[in-house]
Amino acid sequence: MTKQEMVDLFRQKAELVSAKVIPIASMKDAYAYAIDACVNKEACQLLISGCGEAISDTAGALCEQKPAPRIVAAPQLKDKELKAFTKLTEERGIQVLTQGMRQHLAGIDVAFTTCDYGIAETGSIVIDSASEELRLATMIAEVHVAVLRLKDLVHMAYDVEQQLDARMKKAPSYMAFITGASRTADIERVLAIGVHGPLELHILLLED
Amino acid sequence: MQTAQTLEQYKAELRDSLDNEFLRKTLDNFAVAYRTGRENAFKGIDLPGLIAEIAAAKDDSVARLDELYAEFKKNAEAIGIHVHMARTALEANEIIARIAEENNCKTIVKSKSMTAEETLLNHHLEDKGLHVTETDLGEWIIQLRHEGPSHMVMPAIHLSRYQVADLFSQVTKKDQDSDIQKLVKVARRELRVKYAEADMGISGGNFAIADSATIGLVTNEGNARLVTTLPRVHVALLGLDKLTPTLHDALRVLRALPRNATGQQITSYATWITGPNECGACEDNKKIMHVVFLDNGRRALAKDPDFKQVLRCVRCGACANVCPVYRMVGGHKYGHIYIGAIGLILTYFFHGREKAKHLVQNCINCQSCKAICPAGIDLPRLIKEIHARIQNEEGHPMQGQLLGMMMKNRKLFHGLLRAANWAQRPFVGKGQTGGRFIRHLPMVFAKDQDFRALPAVAETPFRDLWEKGLKQEINPKPGQHASMKVALFSGCVHDFVYPEQFVAAAKAMAGKNAQIDYPMQQSCCGLPLQMMGELPAARDVALQNLLAMDPAEYDYIVTSCASCASHLKHNYPKLLEDRPDLAFKATQFAEKVIDFSSFVHDVLKVAPKTGAGKKVTYHAPCHLCRGLDVREAPRALISASGNEYVPCAEEEVCCGFGGTYGMKFAEISNTLLQKKLDNIVASGASVIVTDCPGCVMQIRGGMEKRQGQKVEVKHIAELLG
Ligand code: SF4
Ligand code: SF4
Chain A
1 MTKQEMVDLF RQKAELVSAK VIPIASMKDA YAYAIDACVN KEACQLLISG CGEAISDTAG
61 ALCEQKPAPR IVAAPQLKDK ELKAFTKLTE ERGIQVLTQG MRQHLAGIDV AFTTCDYGIA
121 ETGSIVIDSA SEELRLATMI AEVHVAVLRL KDLVHMAYDV EQQLDARMKK APSYMAFITG
181 ASRTADIERV LAIGVHGPLE LHILLLED
Chain B
1 MQTAQTLEQY KAELRDSLDN EFLRKTLDNF AVAYRTGREN AFKGIDLPGL IAEIAAAKDD
61 SVARLDELYA EFKKNAEAIG IHVHMARTAL EANEIIARIA EENNCKTIVK SKSMTAEETL
121 LNHHLEDKGL HVTETDLGEW IIQLRHEGPS HMVMPAIHLS RYQVADLFSQ VTKKDQDSDI
181 QKLVKVARRE LRVKYAEADM GISGGNFAIA DSATIGLVTN EGNARLVTTL PRVHVALLGL
241 DKLTPTLHDA LRVLRALPRN ATGQQITSYA TWITGPNECG ACEDNKKIMH VVFLDNGRRA
301 LAKDPDFKQV LRCVRCGACA NVCPVYRMVG GHKYGHIYIG AIGLILTYFF HGREKAKHLV
361 QNCINCQSCK AICPAGIDLP RLIKEIHARI QNEEGHPMQG QLLGMMMKNR KLFHGLLRAA
421 NWAQRPFVGK GQTGGRFIRH LPMVFAKDQD FRALPAVAET PFRDLWEKGL KQEINPKPGQ
481 HASMKVALFS GCVHDFVYPE QFVAAAKAMA GKNAQIDYPM QQSCCGLPLQ MMGELPAARD
541 VALQNLLAMD PAEYDYIVTS CASCASHLKH NYPKLLEDRP DLAFKATQFA EKVIDFSSFV
601 HDVLKVAPKT GAGKKVTYHA PCHLCRGLDV REAPRALISA SGNEYVPCAE EEVCCGFGGT
661 YGMKFAEISN TLLQKKLDNI VASGASVIVT DCPGCVMQIR GGMEKRQGQK VEVKHIAELL
721 G
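Residue numbers (full-length UniProt numbering), protein chains in the order written: chain A, 1 to 208; chain B, 1 to 721.
Because the hints were derived from the structure by calculation, they are not lab data.
A couple of the hints might just be wrong.
Under 8 Å between C-beta atoms, here's a sample of chain A residues computed to sit facing chain B [unchecked claim]: (1) 13; (2) 58; (3) 93.
Yeah, the Cβ is synthetic: ideal placement off N, Cα and C, and Gly gets one too.
Chain A extracted, bound-state conformation:
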């Protein structure tokens, strides 16, 4: 399978589960995309994640813990990258979080992460989530924006089996295959997105 065929297959399968796949040219583009995604989100997208529903008072109290401005969690960014990213977010009035996700369980707007691998056959991304901050960010965010380097895209899960196995054997390890947004069909088999995790998954394909 050529790289192009793999990309096409990946896109097709990811879109089948309503993930967005967007080609980008550089990490800078990725930052800009994540920030735009945060700003362009419906003013109060938390509405669709349940704040607007008639929930019990205890559940409602958790929502009130969410502080004002919009939040992007970028737990993997360090030093120079983080500085560059924060500079961009500050201009747009967005708060950046790299830790303390447990204080934001009611929800944050965007999680910005990278991926370790992409699996074309199923349109999945693979993220080594041993870091608790990273793991939580990708669950409590309403939109997950993930950068996948083209060189890390493979055809089948078998193709990264050895690498994954090696990581698992360096325990502790917490490996996640993520395919589309969190979903359920538990009520009358009707598909509903965002039952526990993100409502949207955007995969940024970065050409090396």
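Assemble chain B with the ligands onto chain A, guided by the hints.
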């Protein structure tokens, strides 16, 4: 859950389900949508190859469960996981309650685990004063309703949005809209608080990978990730059968599991947890992790030569998705905790004979589950074996014993059938859909059999017609060279009820220089006995048939009864496997068996006479399309006969005959039949043909009772003559 004490009570419960319109409609829609979804999901994958690989790998793991457990434990303990082995359900529950106590846990969040359902873990923990919340949406709903799951993958499939809205209104103390999207968001918010508060998270596990001590979890909602991340303590509860040697084995199953379960390429999340990960809720930032393995009979099962294959099950739930009986009555009536075909079997092993004994009788033996199982488990046969085991343990009912005694004695059995011809005479009349019927049902038949007209026993059985001249008529003239040697196997229905169909079948084979025999010592194939759990008698008649026609003498053994064909081919070698003196013959016999349509179409290559240009539709007998994987030949024959083949909706779905099943579970049989008839009428055909006299009996009998449009019902052989 099974609470019925008697078969009558169980049947009354079934009736309630049949009357539940919402359930029926939901399961009907699901059954149809599932098939397409699955087919698409497996496109481009060598499915039979994958199934064979999974079956072989699982068999290998099952054979060394103890070894894999020891390996997992060693690797797990080296990285700080506490590993426990629970011999029984109670022991598992006690271990988990103790872990909660030792770690001062009061509140628990759970992600879906069928194993925890099996041990009734929630009850135990709640009795200990712990507060448990299910976080999988469907599981949460049924927990709030104090119910068990009605499907392994979609536990709340039996409930409507209105019922869920009412339930959520009670929980939130606010009025809830019945909009599904909104209800899901309410659950999201309500449950998020529970994670935030919980001290302990309990998950199941789809895989326990021995060489790295990794737990694999497959979910769509992502709740398992929160359950295993937020609380201080993580306990994973898994059946011992989830042990698998390497990541590769798990990835292989992952290729089949979601595709087969819901037609998804993969679930939204597949999570692999190895060892205690970072956990901000713990003082040392390290999760407290326990893995509890449940035996509860699995180790014994692994040593049972007949039943060890049930441990191959990957819990995809597909055997319920395709089961026509599940589709009628739903999971609460087609299982105890585990549901569907595998549920019938596991109930016996995990929950005992009392819970299983009515359930296992409610299988119509349509083979749909076997055809869909990604682990290649021969579910229908095992269900019948359990039925037989239960009868061995509890005593065989009179009916089955009598049937067994009668059928073992061919002369007696055939004598009775001949006598029936005389006894029924005053009641027989000609039908409008073909054949002769008994006009007034004799009193021995219950009123609930009235949904289908019963055929009359024929004036002259096939065996007499054969001797009286048919034999000479269709065989090559003396001196002519015979190209092959064929034995005909009629089965009882063709011999004694519809001999004209078998005459047509025999005539369709004439003129091709085949030397055709009808060995006179042949008897019933024995499937009805197997269906009633009378295995020794089934073995006995198998033996008689084997001796009646020596397979070494024939190139083919042809039968135009799909059920006989599949029973002769697949069950005979199994039935006679512990007879070393006969096992080889049984296999040789099985290899020569071929169904009528395949024989005339593929072997003889008969070009039938030009037919009448009618619109003809088809019913695919369970034992032909799935039992023998024959699909092309009959349809090609219809077209070749000069008629127009018009497809019928759900052609491969069971007609509800099932031999003695229709007697026992008349209402389910009738519901299946009515659906079949509706589809046949809707096809616009004037004739419906099929490959099995049992299906003819059911469909013709039902059509005869219908008011209004009548479609003629024939055996496919009758189309060719
Ligand atoms: S054989 Fe048919 S009726 Fe029996 S369990 Fe399987 S699918 Fe259901
Ligand atoms: S028996 Fe087969 S089809 Fe049924 S749940 Fe298990 S793996 Fe799936």
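Each hint tested on the structure:
With a least beta-carbon distance of about 6 Å to chain B, the hint placing residue 13 of chain A at the interface is held under the 8 Å criterion. Interface restraint check: residue 58 of chain A against chain B, minimum CB-CB distance 6 Å, threshold 8 Å, status holds. Taking 8 Å as the C-beta contact cut-off toward chain B, the hint placing residue 93 of chain A at the interface is violated, the least distance being around 26 Å.
In this structure, only the earlier hint numbered 3 is contradicted, and the remaining ones agree with it.
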